[in-house]
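A.B. asks: Protein sequence lines correspond, in order, to chains A and B.
Oh and the first sequence: position 59 is 58 in numbering that gives the first Met the number 0, straight run, nothing missing.
Oh and the second sequence: position 96 is 95 in numbering that gives the first Met the number 0, straight run, nothing missing.
Hints listed in this document are in silico derivations from the structure and should not be mistaken for laboratory results.
A few of these clues could be false.
Identical chains share a label here; the pair holds if one copy fits it or two copies do between them.
No farther apart than 30 angstroms at their CA atoms in a straight line, the calculated lysine-lysine pairs in the DSBU-like style are these [as the list claims (entries may be wrong)]: (1) Lys43 with Lys71; (2) Lys109 with Lys60; (3) Lys54 with Lys92; (4) Lys109 with Lys43; (5) Lys71 with Lys92; (6) Lys109 with Lys71; (7) Lys92 with Lys109; (8) Lys60 with Lys124.
Note that the structure is a prediction, hence the values are computed from the model and not measured.
2 protein chains.
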Amino acid sequence: MYIQLDFESEIPIYTQLKQQIIAGIAKEELRPNDALPSVRSMAKDIGINLHTVNKAYQQLKQEGYILIHRQKGVVIHPDGVEPADDAYRSTLKSTLRPLIAESICKNISKEEFAGYVNTLFAEFKKEGNDK
Amino acid sequence: MYIQLDFESEIPIYTQLKQQIIAGIAKEELRPNDALPSVRSMAKDIGINLHTVNKAYQQLKQEGYILIHRQKGVVIHPDGVEPADDAYRSTLKSTLRPLIAESICKNISKEEFAGYVNTLFAEFKKEGNDK
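With the hints as constraints, model all of the structure from the sequences given.
C.D. replies: What follows is the structure in structure tokens.
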């Protein structure tokens, strides 16, 4: 899996790394039990600090995307990611709400916004990886 | 306009304040030229620090939601908010992308996600405030 970071972005590097691994799982480029590089080698590969990789991995672990084994190393969670629960759905809506308020102020219609959602879903769900 | 802050939230207070003012504009509870309380009185009214209000107001000003007059005080931008440009659309898509990746991992379908978008648009666009 190819990790691409934008060092000019306002989004912290650990968040970018985390988001790209989640994107890899969404695209099914990363599947349950797939190995990820160790903290040390990921840091070396992409030229960032150990602590930055560690922060991304710890959050991914906490959110159930990966397991960190002392011996087997870092793997995509063997059981797959837990389906969304009510708390996740509520957080999702709270995150979408200000984005939609902003879009309304800037004259983006519901149809245009829904179009972006459609396109982005299609970006992840290419042919052949429908669950 | 009633400002409701959640001091337990991970979202910084200045961001919450900013988001609520933008939500007020989206709902057309706040209209062009409407006055907002001064930094000082907003801070006093909602019991937060002057600097926190100032940070929210400065960002709202920079993003074209409000004007800060030395004499007339703080008002909702008289010309309305600038419609979205390409840069805004691109930022919007970059913000939606990780949310959608996460949702896919958690088995939220495109239809469910689009349903939240619909509901949230409806929340802001009540009868009688269609533009």
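A.B. asks: Now tell me, hint by hint, if it's right for this structure.
C.D. replies: Now the hints, each set against the structure:
no. : hint              : verdict
1   : Lys43 with Lys71  : within (19 angstroms within a copy, 56 angstroms between copies)
2   : Lys109 with Lys60 : between (35 angstroms within a copy, 25 angstroms between copies)
3   : Lys54 with Lys92  : both (25 angstroms within a copy, 25 angstroms between copies)
4   : Lys109 with Lys43 : neither (44 angstroms within a copy, 37 angstroms between copies)
5   : Lys71 with Lys92  : neither (37 angstroms within a copy, 37 angstroms between copies)
6   : Lys109 with Lys71 : neither (47 angstroms within a copy, 35 angstroms between copies)
7   : Lys92 with Lys109 : both (15 angstroms within a copy, 14 angstroms between copies)
8   : Lys60 with Lys124 : within (24 angstroms within a copy, 39 angstroms between copies)
Checked against the numbered hints above, the structure breaks hints 4, 5 and 6 and satisfies the rest.
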